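Protein chains in written order, with the working numbering: chain A, 55 to 472; chain S, 55 to 472.
Each statement offered as a hint is correct.
No copy is singled out in the list; a pair is fine if it fits within one copy or between any two copies.
No more than 20 angstroms apart at the CA atoms, straight line, and that leaves these computed lysine-lysine pairs for PhoX-like:
1) K97 - K402
2) K111 - K362
3) K353 - K299
4) K111 - K184
5) K145 - K362
For the record, the hints were derived by calculation from the structure and aren't laboratory data.
All values derive from a computational prediction rather than experimental measurement.
For reference, the chains in residue letters:
Protein chains: 2
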Amino acid sequence: MSDRPSGNAVIGQSGGPTAVINQSLAGVVEGLRAGLAGSGKVKRILGMRHGVRGMVKGDADGLVDLTGLAVDRLERIARTPSAALGSTRDKPDEAYCQKILEGCRSQDIRYFFYIGGNDSADTCRIVSEKTADAQYELRCFHVPKTIDNDLLENDHTPGFPSAARYVTLALMGDALDNASLGGIKINVVMGRNAGFLTAAASLARGQASTGAAPADRPAPHLIYLPEVPFSTDAFLADVEAVYGKLGRCQIAVSEGIRDEKGEEIGPKLMRGAGEVDAHGNVQLSGSGALGDGLAHLVKTGLTPKGGKAPRVRADTFGYIQRCWPHPSPIDAQEARAVGRYAAELAGKSETNASVIIRRTSNAPDAYASECGRAELSAVARRTRHVPKEFISGSNDVSVEFHAYCRPLVGELPTLERL
Amino acid sequence: MSDRPSGNAVIGQSGGPTAVINQSLAGVVEGLRAGLAGSGKVKRILGMRHGVRGMVKGDADGLVDLTGLAVDRLERIARTPSAALGSTRDKPDEAYCQKILEGCRSQDIRYFFYIGGNDSADTCRIVSEKTADAQYELRCFHVPKTIDNDLLENDHTPGFPSAARYVTLALMGDALDNASLGGIKINVVMGRNAGFLTAAASLARGQASTGAAPADRPAPHLIYLPEVPFSTDAFLADVEAVYGKLGRCQIAVSEGIRDEKGEEIGPKLMRGAGEVDAHGNVQLSGSGALGDGLAHLVKTGLTPKGGKAPRVRADTFGYIQRCWPHPSPIDAQEARAVGRYAAELAGKSETNASVIIRRTSNAPDAYASECGRAELSAVARRTRHVPKEFISGSNDVSVEFHAYCRPLVGELPTLERL
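Please take these sequences and the hints and turn them into a complete structure.
The structure is reproduced here in structure tokens:
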């Protein structure tokens, strides 16, 4: 730690937006106003449009001055889903970093706040290292955000509870729809490397896992995470067992399911070549191909019941998972808190850090959390997976997962069946 | 009209469920209790499990006694999405009708309430004709329900406002997601024959259509209804114009879009044979194929911008549209009212009828509606399409549509952008 430099602050948003990412933006602004900006150490608070891309542009098109943004407008922005500043998936290389450094210099930026996931934490780390190499004093803070919930060091990440709430509500409604007309319903959930969001489908049951056989569970009957090797034979046998007994079967499956060799099932089932992004990932979201592929598997692989092929439907939960305008209230609060905490860290002469969330109480009706700090390198690029204790067998989650996830999603409707 | 026979009543739910179809079930039960059942004309109120299929079964597996169902439980069921009795897509033929007649006879059913869309109204009509032919006195009432909003004689249909609310909220969030990362986003909306639900996407703009060019409209920039012939060339030109100017383009497209010959685009773009249901319809829902096909069209058909292919994503809004557990409040009220009204018609010695909704006021903040009756034959099988005055050009809806639809969906969040 060293004394705090004087200059300006910049905030950026990166990666897939969430329903509460603007709460974090508002939190940083609020925290700066109460601290460094209030005391005069920070003169201007700037926003990067589309993340580091805005910093590189450096002009009015790339940067927006948030210093004087009215409190009520900031509050309305905080309640609006998706990145208000715009987002990016750009990942800076050497040349890109040089441009960011130039941008920071020309704007006298001394505090750099970057709201995003593990790729964004890595961008933050790279920027902090490159500016240090250039002996340009810049303090970089990563503010956590991802619906995938896959950041290390965090109990959970802002954005996840709201997406989990959406998935839970969707599965609750869908379970009843499936019960109304019968058949097999496949729901593909986002999260290519970590299955937390798919696991949240289990909350639609309204109770913790009882360890019952799939057909004796409340729907969803089957849950497939990327952390558990996926076998199409076992999948068909699972579906047949449930459908044979109930005449229906509701399934939640991660877009990132993999076989025992670790190879993704999605691209194998997808007809036509997948699109590859800047981070080398094949596009799974924004396409119904995995769901349709699994539905085709079931239609062709299942023994017809009484000579009649089952009704099979697949829904791929797309971008609405991360931008539904009614977030989890706890998520909104925590996303605000991590932004504010980042600004407070900067005010306390901290240098580079990643803000994290720790759960301090999970007592019934007394859930509580606090913010803390971690090294950027502890969060950057690394992926947290669903831990073993949250998984039950090959197609379910555990009681422990329910205890972990239930407090995060907020109040759920009470449904009644005949 | 003739005096009311004594006997039992039966209620069924049919076709695609909605978020408020159980409000109609509760409404019929409530109305019977206040009228025919209260006065002793109706002794038992039965529910058919899975529509007419339950009537044919006729046993405890097919029929459920609702006579003594507790009021608080009925209320909880009313607030639960999807058909509590189970639904069916069975369409009775001669032999099937004979079995329904036998079922009615053996249970002394004299009042038959069927909640559903135009296929269900037709089932109601067929049952009423066949029982009349057999000189079995049965009074049949159709209670309207469909997210497609395609029933004639009705201002709108229960189920539509809640689905329209879901689509509006989804498009609101998605527009901001699209603005955050840019690119072209295709959203496929349910409604194969009528474009009302797709048209509801326009409410995400927060304002009525101004008649501006697509790139100058708030998102969604482009809206394609099945009522307007769809040309892939015009579509590509539309998308290019918006994307070229804004670097993004949000699209809402009906699953039922058709070319100038009236042939559906979906099956043409779908690789693999479509599934055909009992009513002869090719399966469009529960598959991402149309969205993926349109995305492929755009990816391959659009001139790359600066040598870079655009980011194209497609989400197919699936069954969640009709079962999201947070309905439009007006929809919940009206769905209750049509059920109650059907029971009241029966109590007033009416014979066969279809309940309809009329709008009585569309004054700002003073929307009001009332129930009425129509002949079964006026509603059965026929499809109401989006009228010309609700359509603007080839890719938008009109000011009139906004005035029509906005009061139905309830309060919307106020979003703010930078």
